[in-house]
Amino acid sequence: MKDLARKEQALRDAGYKYHFDRALYLNRTAKKAFSIEFIEDKPADELEQKIAEDAPGPGWHFFFTKEPSDAVQRELSRVLG
Amino acid sequence: MPERTVEDRLREEYFDLLPDIRHVVEHMKAETRHRLLAISGRLDKHEQIKVDSRIKECESALDKLRRREQGRIFDQEKSYTLKDLKDLAGVRVLVFPRSRLEEIDIALRPIFESRTADPILGDGGETLALKYWGYCPEASSKVPGEYQIVPMLTGLFWTVEHSAIYKPSPRYKDAVRTPQMQALRQKVLEALGAFEEEFERLVRDEKS
Chain A
1 MKDLARKEQA
11 LRDAGYKYHF
21 DRALYLNRTA
31 KKAFSIEFIE
41 DKPADELEQK
51 IAEDAPGPGW
61 HFFFTKEPSD
71 AVQRELSRVL
81 G
Chain B
1001 MPERTVEDRL
1011 REEYFDLLPD
1021 IRHVVEHMKA
1031 ETRHRLLAIS
1041 GRLDKHEQIK
1051 VDSRIKECES
1061 ALDKLRRREQ
1071 GRIFDQEKSY
1081 TLKDLKDLAG
1091 VRVLVFPRSR
1101 LEEIDIALRP
1111 IFESRTADPI
1121 LGDGGETLAL
1131 KYWGYCPEAS
1141 SKVPGEYQIV
1151 PMLTGLFWTV
1161 EHSAIYKPSP
1171 RYKDAVRTPQ
1181 MQALRQKVLE
1191 ALGAFEEEFE
1201 RLVRDEKS
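Sequence order for the protein chains is A and B. Position one of the first sequence corresponds to residue 1 (the numbering used here), numbered consecutively onward. Position one of the second sequence corresponds to residue 1001 (the numbering used here), numbered consecutively onward.
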């Protein structure tokens, strides 16, 4: 739980907000989204490192425990805007 | 004509399965009440056993499958089936006090031909409630059923939580997944457990 609190703080500090419908923490400026499963699964250090990294391209970048298919990434990018 | 979506196919499957779901829930409810008769007949005044049952609604079933996907979105290229859900037909037995849990667990064992345990765990790995799923071949070979044996205050908290928050706004189901909400929810469950334990202790002391 302590680790989860640290992760949540790291996300908040970096401007991430929780999206209820998608269960994602997202930052619309950085165009990055972390699934709740990724946050629960990965160590706090790894999460903080991923938060600090620049997004590799102009579109949305998703951090899931299992790489989402292209179709899912396209649809999520569409609904997130 | 527009292509059928995963949701369209799952809704069709739901209504194909619905007669079986109804059979399973009715069968489980009757079996549960029958098997608890002997225990119910010798409860003390302060003790209670309550049997609830429900059929999972179509949109709740779809939502549950969808929530297994990260990003809560169906991959339109994948195939899904509602038969993966174990709780389309569900029975919940609320029990007070907790000391009755074990004998109820034993009494309900024959409901399924073969049951699989899937206990509901708290954040610390402690068992909050017993949960089993399996098939009742007399009712359906296609649809499994699930029953839970839950300490009463914990079960009532889940019921209130469900009807006050999730039923009107299913989108908030994932709200409790945030770390802060998980911590607060854990505190509620611990407090309810401690309350029940202390009450039981007082009753025991008074009797002795």
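I should point out that these hints are in silico values taken from the structure, not numbers from a laboratory. Be aware that one or more of the hints could be misleading.
[As the list claims (entries may be wrong)] With a Cα cut of at most 27 Å, we get these calculated DSS-like pairs of lysine-lysine:
1) A:K42 with B:K1083
2) B:K1083 with A:K66
3) A:K31 with A:K50
[Stated by the list, open to error] Beyond 12 Å from chain B on every Cβ pair, some chain A residues (computed):
4) S35
5) I51
6) A52
7) D54
8) G57
9) A71
In this text the structure is predicted, and so the values were computed from the model without any measurement. We put the beta carbon where it would ideally sit given N, CA and C, even for glycine.
*Against the earlier hints, flag every one the structure doesn't satisfy and list their numbers going up.*
1, 4, 9
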